[in-house]
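S.K.: The primary structure of each chain is shown beneath.
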Amino acid sequence: MRRLWTVLVLIAVLLFCLGPVLWILSTSLKSPGLVSRRPPSLLPDLYWDSYRMVLQERGFLRSMGNSLLVSSVTTLFTVAIGVLAAYPLSRMSGRWRGPALGLVLAASMFPQVSIAGAVYRMLMSLGLLNTFPGLILPYTGLMLPLAIWMLTSFFRRLPPELEEAAVMDGCGPWTTVWRVFAPVAAPAVLTTAILVFIYAWNEFFFALLIMTNPVMQTVPVAIAKFPGQYRVPWSELSAAAIVAVLPLVAMVLLLQRRIVSGLSSGTTR
Amino acid sequence: MGIIMMAPAVLFLCGFLVFPVLSTMVNSLYRDSPLTGREFCGLDNYRRLAGDGQALDTMEFTFIFVMASVSLEMAAGVLIALAINRVVTGRGFFRASVILPWAVPTVVAAIMWKYIFNDQYGIVNYLLHGDSLRMYSAWLARPSTARLAIILADVWKSSSFVALIALAGLQTVPEELMEAARMDGAGPSRRFFRITLPLIRPALLVALLFRVMDAFRVFDLVYVMTQGAPSGKTGVLQFFGYLKMFPEQQYGYGSAVAVVVFLIIAVLSVILVRTLGRRMMTE
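Sequence order for the protein chains is C and Y. So that you can map any letter, position 255 of the first sequence is 1615 in the working numbering, and since no number is skipped, the others follow by simple counting. So that you can map any letter, position 275 of the second sequence is 842 in the working numbering, and since no number is skipped, the others follow by simple counting.
Hints listed in this document are in silico derivations from the structure and should not be mistaken for laboratory results. This structure is a prediction, so every number in the text was calculated from the model and none was measured. One thing to keep in mind: the hints can contain errors.
[Unchecked claim] Output of the computed footprint for chain C on chain Y, the stretches with three or more beta carbons under 8 angstroms from beta carbons of chain C: (1) 771–785; (2) 799–813; (3) 821–828.
[Unchecked claim] Below, a list of computed lysine to any residue pairs in the SDA-like style, where the Cα atoms sit at most 25 angstroms apart: (4) C:LYS1585 - Y:ASP686; (5) C:LYS1585 - Y:ALA635; (6) C:LYS1585 - Y:VAL585.
Note that CB positions come from ideal geometry on N, CA and C, so glycine has one too.
Only chain Y is shown next, with the shape it has when bound in the complex (with noise of 0.2 angstroms):
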């Protein structure tokens, strides 16, 4: 009975995700030139990758940003939900507010940071020049200052996952241990370390494993805010692979980079699933 429940599931699980990702397996193994179609090439495309300057600069910026917005995500994610849990009054106001951003679509939310950090009409540039309009700079024309923006971006829209779980957790905190600890005289950063975040310790790390797996995969944000300009200095893994199999057409050789995307993301998932994930699953 329940492997016919489980039926349609693994059917649709199969056919858009494992089968998908065997045939960009054997993909990548061959090479698609103009002259005489499809030829087999072995391991020739991963070669390229490894001697590729741009996949190398693609490659490191994926990491400096997983890297850089999640440590932000997370330590702005419980900051605002330490804040949140003090509020009495208008709670829900507040919670509200903060669940905005993850709402809204990442393609919008990519709009308003290319915006913000307009050139002439950006308001980073009217908060930090006011009038003096020769003093703008073009943030994302410049790698280490649009490298910045997307990170800012990612900030911005994901904080709020992390707060919102980050909430959660706080909520079974309990009141009487709190309340135990102040009279025996432990100050707020020693009952934030010792009582605090030990509570929270499980709702954090679930929440570092989502958002180091989503970061990984960022695209959208790329796409529209610089499209790996200049240079291909903001490239991220899944924005190069695109770029080399859809409008570049080297099915072979971007069929290799989303091997190796997978792979990073799989060795990762499994690390991260093991350590982080056991009690979740098991529990």
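So here's chain C without its partners, still in its complex pose (with noise of 0.2 angstroms):
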């Protein structure tokens, strides 16, 4: 009996996290008149074609390496300048770190909305507007009190005796920092990286504002602005949502395991 049920609600978690996705799949494998077929079918005609329109004429491949472009360099800022910053934090006595790590929390939730004039103003006086610096500077700003967050809850659980040993072996500050503490750091260090770089190339609401011009697109803008002139073409814009996800759900798969251990930081040890 007890076996039924944890069957049945395996079952309904299937369905709900994967239906939506398989759904859309289907779509994006329909010709342009099962598309519009009422009442919809469930299956597609595996028409490959939105697929090849999408990648070769919509310019959804430029977009994509907008995106990958703006999120490799914004995590790549976001980590090290995170790691600087987490380090000592994680090292500092109790008393400082909670409301130091307070006020970093706190600033993780600033609403997009609240900083979103200054910021726009300030690039364009700046002529940032559409350029990737334009994107990758707010958005470090944006991303590091996560990183921040997240690097220094991994730091606390090595062990101050690790650096002291090293310096009591006559090791400067560099060499304990690049020979002690680095190599232990490196899975919480790369847990990180893959979180901000899975939230950077989510980002919508920046990429809107300063990313006008198609050309310079990040994915999740070219997917919200996808042109249709007289009705969505919905086959065509699955398509782009299947390749816009792939990469993601290729990295997600293969490093799962990191990111759960990040996102629940803090949460358990």
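Two independent chains are provided; combine them into the complex using the hints.
M.R.: Here it is as structure tokens:
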């Protein structure tokens, strides 16, 4: 009886999580005739042309490239600056660390709209609208709090005795950091990098404001503003959605253990 | 040494978070008019906001959205985690399926659900009414059902987040403890409420904190699915602020909206972090 319930719940979970994605996958493989059939058909007729349209004629590959560039550089900046800040934070005395981390956590919850106006004007006066640095710089500011928060909670699990021993043995600060601390901290840094990359890849608000030129658009903007002259081209839009999700899904499936440990950092120990 | 290491982070946080918020606060006290340019107007923008019916609708739906979506996500997340925790073979497959909605960009999730609720080709209409096309309804065109669709889209995307955190919490529940309770004759619901729930509570509270703050900032779903239509009934705070500040070019008024959104979130985050988050930071 209990087994039956578990199985039923698991089937429901699978349907709930995978159903919408499968429906879009099916839509992306339908020919124009089948897409506009009413009532809709559940199964596609395996028409691949929407993918060709999206990749060749819609310039969607360029958006993918833009997203890849912006997300990678943002991740690099955020993690480098985040590690520098998280290390002293994790070694601070508890009395100071509490308020400092509270501020970092509060900063990660800033609503985008409350900073958007000033950031937009700042970028405009610097001539950075519709440029890669124009998106990478604010992204780094936006993602930093989360990165610092996660890195600090990871670093705190590494015993300070490690560095103390290194210093005792006569290592200078740089040797201590690069030879002793970095190797043990690498997994935490990698996990943080993955999460920052995913958040940057998915960010929409600032990308919408800053990248107004279609040539510079990132993937979320390209999808939200998908051109349709008279009616929404659902099968092409679905194909674009599937293409946009693929790299992320591949990454998530390969690295799911790390992602789970990153998301639950500071929640369990 | 520590201060030098933290300097770049402090610089970025001040430049892209602290300074912009302060600047928005100052701008909310000005009015932009085509004739006279920018002029100081005191709290006029806030007075206008208090009497703006559309702003109140927006506020109402934002709160409904946060309450409904977060409570559904917490419940669904725990349920999913409990079910997966019982799986012995193929747990990796189930966890991968659950993580999928979380990895899908919100904009893509919004497109998916927009199509799912489509009036002509949507699968919801098909499942409910089959071939009787006359019965097909335009879910996104009516306030109540459009609101429901947006909430469901969020529940789909974010239950995974709660589930993953709850699952990590469940893995810390010692099996011997459950076995002992079973031997003492405690039933499943009693074991859940007396042992499992208290043990995963800290993890759940953190998930709750992040979900509430995230739900308050909802933007992408509304931008893609409804643009606030019909008649602003599905507008949310961030979307309303964006609308005033950018497309409608009312920079002062939009800034006032932005400041109110900021203050609501600041007050909430202080309350939540103080009540839930203290142990996360000092432990």
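S.K.: Decide, hint by hint, whether the structure agrees.
M.R.: Hint check results:
no. : hint                 : result
1   : 771–785              : holds (count 5)
2   : 799–813              : holds (count 6)
3   : 821–828              : holds (count 6)
4   : C:LYS1585 - Y:ASP686 : holds (20 angstroms)
5   : C:LYS1585 - Y:ALA635 : violated (28 angstroms)
6   : C:LYS1585 - Y:VAL585 : violated (31 angstroms)
Of the numbered hints listed earlier, those contradicted by the structure are 5, 6.
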